[in-house]
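Spelled out from the first residue to the last, the chains are:
Protein chains: 2
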Amino acid sequence: MPRVVVDVMPKPEILDPQGKAVLGALPRLGFSGITDVRQGKRFELEFEGELTEETLAEVRKMAETLLSNPVIEDFTVSVETPVAAVEAVE
Amino acid sequence: MPRVVVDVMPKPEILDPQGKAVLGALPRLGFSGITDVRQGKRFELEFEGELTEETLAEVRKMAETLLSNPVIEDFTVSVETPVAAVEAVE
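Keeping their order, the protein sequence lines are chains D and H.
According to the working numbering, the first sequence is numbered sequentially starting from 11.
According to the working numbering, the second sequence is numbered sequentially starting from 11.
Rather than coming from a laboratory, the hints here were simulated on the basis of the structure.
Some hints here could point you the wrong way.
The list cannot tell twin chains apart, which means a pair is met if one copy fits it or any two copies do.
[Said to hold, decoys possible] The calculated BS3-like cross-link candidates involving lysine-lysine, where the alpha carbons are at most 27 Å apart (straight line), are: (1) K71 with K30; (2) K71 with K51; (3) K51 with K21.
Quick caveat, the model's predicted, so the values are computed rather than measured.
Start from the sequences and build out the full structure, keeping to the hints where you can.
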């Protein structure tokens, strides 16, 4: 079953309080060497049937309208799927 | 600057109300063909200097203790970084 992953991250110019909280907690827990942390969301979508270019276009539309807020967030769409299904896309 | 990505997802046997809410909203918005949605978190960690095996072991410990709740969540650690830095890891 093909799986499509949508990663949604805050835009670089947007403050990210969750990421800052993690960054602030790291030294207290004994971790060092990290200069920045950004926290975002990951969606895993399971599809039935074959993945086509149209389906991927739909996912991009979905990511733009439902899964992310394009004013403050960027998203990337990637396919994570068995080889047979990847070939079906091409 | 090397970047390490930690993806945290709810375990398959754990209910995922956020994912279910997205799944329920899709048909109302005119999207079809999706059988399941899982929502998780994505952390992007920026490191200074080179990435070593020890650093990656630290990140795994960090993911287990701070970034995820291992009772209900699984995590994966991956390196997303320029080629030179990847070579330094090997």
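Comparing the hints with the structure gives:
1. K71 with K30: Classified as between; 19 Å across copies, 30 Å inside a copy.
2. K71 with K51: both (17 Å within a copy, 21 Å between copies)
3. K51 with K21: both (12 Å within a copy, 16 Å between copies)
Against the hints set out earlier in the document, no violation occurs for any number.
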